[in-house]
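Go ahead and model the full structure; you've got the sequences and the hints to work with.
Going by my numbering, the residue at position 168 of the sequence shown is 168; the numbering climbs one at a time, nothing skipped.
If you are wondering where the hints come from, they were derived from the structure by calculation, not from laboratory data.
Heads up, none of these hints are tricks.
Computed cross-link-like contacts, DSS-like style, restricted to lysine-lysine with a CA-CA straight-line distance of at most 27 Å:
(1) Lys137 to Lys31
(2) Lys104 to Lys71
(3) Lys151 to Lys73
(4) Lys160 to Lys137
(5) Lys138 to Lys71
(6) Lys71 to Lys151
(7) Lys102 to Lys137
(8) Lys71 to Lys158
(9) Lys160 to Lys71
(10) Lys73 to Lys102
(11) Lys31 to Lys151
(12) Lys31 to Lys71
(13) Lys44 to Lys158
(14) Lys109 to Lys71
FRET-style restraints, in silico, Cβ to Cβ:
(15) Leu62 to Ala5: 51 to 57 Å
(16) Tyr117 to Lys2: 52 to 58 Å
(17) Ala83 to Val162: 31 to 37 Å
(18) Met110 to Phe22: 18 to 24 Å
(19) Glu99 to Ile9: 56 to 62 Å
(20) Phe155 to Ala6: 16 to 22 Å
Positions of the beta carbon are idealized from the N, C-alpha and C atoms, including for glycine.
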Amino acid sequence: MKKLAAFLILAVLTILFFIPLFPIISFTETKTNNPQMYYIDLRKDAPFQIRFTHSIHRTDVLESYEVEDGKIKMISMEYEDVAIGMPAHAEEGQKLTYEDGKYKLYSNKMVENFVLYVGDINMDLFFYYGGREYNLKKTLHRGSSYMVEAKRVSFYEKLKGVRIVHGEY
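And the structure:
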């Protein structure tokens, strides 16, 4: 009887080890034969932001997102200049405003994932979630691109990945 109980406990623990229970935002390398997954733990479906300094006009761009049911919803993008690479008008389903010297593009587009390129330049790239700041250039490789997605992973997958830690940099 003890052997059966030990076997059942071991079987349940093994199964739990591989069940995707943990919500994360993952950053998975693209365009590589051995992609590495980096992640930030999510406590609940909550908003997050990505702030980067535009490489050409050298002003900050702030993108705001929410996670809903395992998908990412782009809420808004705030920027100062409509020069190269920044939208000067709203597309269908979007709204563009201009206040206090800043453009704000509103959108409620849901996506499964998006690609984030980490430039090999000395410009900011920060991720904000849960009152914490994550300097992505300290963890992710410059010159690489990453698929960003909200998903659940198993304990095993978390062990294989790299946890991105917060802090002031």
